[in-house]
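This is what each chain is made of:
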Amino acid sequence: MDKMKPISEAIVQLKWDEIAALTNEAVEAGFPALEIINQGLVVGMAEVGTKFRNGEMFLPEVLLSAKTMKTALDILLPILSQQGASSMGRLAIGTVSGDIHDIGKNIVISMLQGNGFEVMDLGVDIAPERFVEVVRDNDLQILGLSALLTSTMPMLDETIAALEKAGLRQKTKVIIGGAPVTQAYADQVGADGYGADAVAAVELTRALI
Amino acid sequence: MAMTQKQRILAAARKQAVDRVPVGARIDVWYNYHSGHDTLPEKYKGCSIPDILRDLGAGIELYHPSIWKTEYRNTEVIVHEDLPYTTTEYRTPKGTVRKKTMFTPQEGPWVEYELELPFKSADDYPAIEHLLENTVLVPDFDEYVKKQQMVGEDGLVLCASGYSPMQEIMRCIMGYERFFFELYDHPSQVEHLYELMKEVIWQKLRILAESTAEIVPTCGNWSDDIHTPIFKKYFVPWLQEVAKFMHSKGKLTRVHADGEMRRLIPMFPETGIDVAEAWSPVPMTSVTTAELRKAWGDKVTIWGGVPAILFEPQYSDEEFDDYVKNLLREIAPGYNFIVGMGDNVAFDGKIERVGRMAELVDKYGRLPIEI
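Chains as they are written, first to last, in this note's numbering: chain A, 1 to 209; chain B, 1001 to 1371.
If you are wondering where the hints come from, they were derived from the structure by calculation, not from laboratory data.
It is possible that some hints are incorrect.
Said to hold, decoys possible - Pairwise CB distance ranges, derived in the manner of DEER restraints:
(1) B:1106 with A:103: 49 to 59 angstroms
(2) B:1286 with A:121: 43 to 53 angstroms
(3) A:171 with B:1036: 55 to 65 angstroms
(4) B:1086 with A:121: 20 to 30 angstroms
(5) A:209 with B:1139: 54 to 64 angstroms
(6) A:121 with B:1325: 25 to 35 angstroms
By construction, the Cβ of each residue, glycine as well, lies at the ideal position given by its N, Cα and C atoms.
Assemble the whole structure, with the sequences as input and the hints as a guide.
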């Protein structure tokens, strides 16, 4: 665990220019890639999440932590892929029909990619039928739906209903987020999870996969 | 003789005495949608925003996009329209950059959304620098003055465009995520862009200073989790400089404070900005109006206080009344406050509640408030 400390510290201290060397050192020292990820990178990101929640770190710094982590994952994931795993998980994310506000969605995508997840960015103003098509045609573990407006929130419900109708609801977990969305609303519409912010979205994704 | 809504709003913005709390209501999202779909209530068909707000008994907060036109020297600007999308290509001697926007006023908004921003990678610095160096803003007051005449003494027309230089770069040139990566990866180039953008924004400020606008825009659309790390360095000094300049020209200044403000609140009073407009408290953000009043005292006039979501059908009329009455308790004795919405009424909002808001302020908002 202590041998991984420099790596987790690099994540917290935003040492994106040192992380590649630290990761290569750990690999050359014989540590398994998965151990470096779980005991180094994920531990660092967990601390970043705590600091973000406590107001000690801000979103730009969290994004840089994610960038730091991605640099390490670019080294580690090819090693893992030789063992059959090429990413931490696969998602698709888009804003719901009628909603073209994508700042939140883009930040969540950056964070997820930084944390080693493969993300299909579906863009904005996505109709329920398009979400259904994406779930049908792709091997996704999670579908993310974003809505900024109170007036587009009902489309979260409609999209989930469309997945149900298409018989695809059990194929993929659905997570939702956006300024007016709450856990209570997520429960009401039958989503599998709700992320209040980008850090929560990553934690939720990790927990659901 | 009772003060007019305009007199009340301006007096509150200047921290002067008023007879009762002013109301400045903003409904353009609701209006544009229903006007565009021909679904305005029967009694409002053919009416303008000021007509409707007058009928509802509310003071008017009317937005106007901008009072300048933008021209580019030494640049070929190619515009391709495929409505609702517009793609604009800027061909400069230093390279070509492109932005894509979407504008659908009938869906509510009156400004375009950026779907693709001009800066895509560090390769775009030379072209963006050229664009900024060759940007010329030309005053365009006519429509704004017409709107002022239309509103008269019943409220105020606010000129909307007005970000500070770094917000302009973050929001309109690069996008937030890319901006922060660039700030860490290429700090000197971002700083250079910042200096060039300052010159462009100063052109806007000089036009605003010469306009008939009473309260001029300086920045806005912040969220504390994004802006806090750079607020002190890039925003506070800029806002101080602008406030000083505008005050010397007899203008009041405002920011559009509709985002999460908690960690920006302590830094804000030192900016010298007069009004924080579009104030959006709990449940839209984490801060109550009482907390904000306590933090800012009489240094900043707050405009807003009734979050957009309260106009939605999911809240009952009783809950709406309770919210507005509680707001009046929170702001008592009521000076330096303009009641309005944070920051609009959505298309499915209950428009009659705008009238109810004005009615409750009429009833309980006489100063000093005792409710």
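Cross-check of the supplied hints:
For residue 1106 of chain B paired with residue 103 of chain A, a C-beta distance near 23 angstroms fails the hint of 49 to 59 angstroms. For the pair residue 1286 of chain B and residue 121 of chain A, the supplied restraint of 43 to 53 angstroms is violated, since their beta-carbon distance comes to about 29 angstroms. At about 38 angstroms, the beta-carbon gap between residue 171 of chain A and residue 1036 of chain B misses the expected band of 55 to 65 angstroms. Checked against the hint of 20 to 30 angstroms, the pair residue 1086 of chain B and residue 121 of chain A passes, with Cβ atoms roughly 22 angstroms apart.
For the pair residue 209 of chain A and residue 1139 of chain B, the supplied restraint of 54 to 64 angstroms holds, since their beta-carbon distance comes to about 56 angstroms. In this structure, residue 121 of chain A and residue 1325 of chain B break the distance hint of 25 to 35 angstroms, their C-beta atoms being roughly 45 angstroms apart.
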